[in-house]
Amino acid sequence: MTQADAEVQTRRQQAGPAGRWSRVSGALWRRPWARATLLLTPPLAWFVLFYLAALVVLLITAFWQINPFTTNIERVWTLANLKTIFTTPAYLEIIGRTVGMAAAVTVVDAVVAFPFAYFMARVASPRTRTALFVAILLPLWASYLAKVYSWLLIFTHGGFLDWSLGRLGLAQVHLIYTNWAVFTVFCYLWLPYMIIPVYAALERVPASQIEASQDLGARTWRTLRLVLFPLALPGIAAGAIFTFSLTLGDYITPLLVGGTSANFMGNVIYSNIGIANNVPFAAAMALVPIAIMAIYLTGARALGAFEAM
Amino acid sequence: MTITRPRIGLRSATALGAAALSLIAVGCSSGGGSSQNAGGGGNATSGLTVPTANLPVPQQVGKGEGQLNLIAWEGYLDPKWVKPFEQQTGCQVNAKYAGSSDEMVSLMKNGGGGQYDMVSSSGDADLRILYAGDARPVNINLIPSWKDFFPAFQSPPFNTINGVHYGVSLQWGPNVLMYNTKDFTTPPKTWNVIYDPKYKGQVTVPDNPIQIADAALYLKTSKPSLNITDPYELTQTQFQAAVSLLASQRPLVEKYWDLASQEIFDFKNGNAIVGAGWPYQVSSLKASHFTIGSVVPSEGATGWADTWMLAAKAPHPNCAYMWMQYISTPKVQAEQAITYGETPDNKLACTYMDQMQPGSCAEYHANAPSSYLASISLWKTPLATCDNGKADCVPYSGWVNAWNTQVK
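Protein chains in written order, with my numbering: chain A, 24 to 332; chain B, 392 to 799.
By construction, these hints were calculated from the structure, which means they are not laboratory data.
Sample of chain B residues at the chain A side, in silico, Cβ under 8 Å:
(1) Ala523
(2) Arg641
(3) Glu645
(4) Gly661
(5) Ser788
The beta-carbon is built from N, C-alpha and C at its ideal position, and this holds for glycine as well.
Given these sequences and hints, build the entire structure.
Here it is as structure tokens:
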């Protein structure tokens, strides 16, 4: 043992707890995978235990049935619930109606949000932009139920809408308790979720690209179509994930402003849990939007939606 | 006061948001102790028995345990009558409010799990609870006020099986025919009006599978060839006739209401002029001087009736008996009837009701003759086994299925 080696030895022995910590941190610094494991374990455990485990239980439940007498769950594997869903015309109609509604809401929100987001990102002064942001975000802080009920007052028989049309000398429309009412309220409710990602995407488009397009002789429409729109597409796709999935799962708006044909997937799930206590059937029905969203997200990913979020 | 009486499928609006969570929660919790309750093959044949029927009943009420854990509808444990009970008996009441009949059934699984003592369940849940073996026989002789009950509520089929009581009846209410007196200058005499194309787009009925019983009740008189005897025990043919009637009613319906407040809103705003509802909606509309009328039509009506049922594993049985004694007394019955807007089961409650709020006894039919009561078919769980023992009736899960796929 040389003199230097002995010195190191003693220093190590003298180091005590502080030295141990620095050794640990040193070891972690040299091994990034260990560091990552240590940091990620608590949140990952939480995620797996409370989120994924609950989902797995849900998936399993979908393949059980209830005893029609006692409504106790019978743990016998069966595909009967899924078979019922895919062979009953009424349930297929409900699935079609829900997907159609979600798609229509997404399209309309995208069409409305694009010019709005464009104005915010590229035209408005910083002051106006802040004001518009507040205008978009404020409704998100208001109670969901208060917003839906206020639409009920607008649509009702002799309500604000009919009253206004009457004053203008137009025919009254009686939108209350129709799927048009449900559609309008959905479009209103989820619009901010579309505007914000589209705004974020448009803001990122460098001004030089638009100028270059104009310098090369492209008119407004052509610049919009060939430059701006493709660059904003990931943002629209990101917003569409929100508007589509939120519409797909909502059952309160149809319950409050919808009429006799406002039966959506969420309502079927809700009534099978709340009324029939048929959790397995509700779980099977819940698999349908999960499957639809899986397909939808695959498509959105192809459009680059995840980079935009 | 806003009452959103949480009947089956009716949750108060505030509870709506929690449903996504409860989907998972119910999925996790209701798996326990399931298949042994299926009845050992008894469900397919006649002779359904209550598993707890032979459990012994106490002969006297002992010393209170100091605690009482109750599952109740929101509003059923008002401090107005709970406080005096706690002072009198020393039993501290711990309330657990349930949002739907099914939540009550779930909470009562495994006899209340040794945690809950009683539940204020409705007729549509009672049979499910007691046939699952989750309720315990009650010695009705220990409840003095029971003898003052209207006979219909002393041993009703939804909480008394083969002479064995599984709790004590509480309150009830009818589902009446409501109409705007501006549009109906002469009161309608039959349920026919809610199936009449003349009132297209102006009808409102509850969004509830139990509504099939209302259609069956109407068909009982209007179509005698179907031989319907009990609107809750329908053979496939009778059931299908009721469902078809409701399917043909659908184009006339402006709104299937979920919350009492929705129906009040729709009558007030002219979205509906005729429909089915509870006395609570009628008195709320009357209180705001709206032109509303209500009637129990010639065919009769359906109605709900609640029972305080005793859990099979009740940890505080003495306090539970004290509660049954207390809640059955006329004054407490009157207080609850007025606060909640329903009809007491104790016939002596009428005087107290009029003392508290003049005219309320007649308004809630607490003094109605027995013929009025006889015209009401009280809710009970539709089971696959009919009362005659044959297993050809449509069970409740079939009702929900038909309501969702054929009516709506």
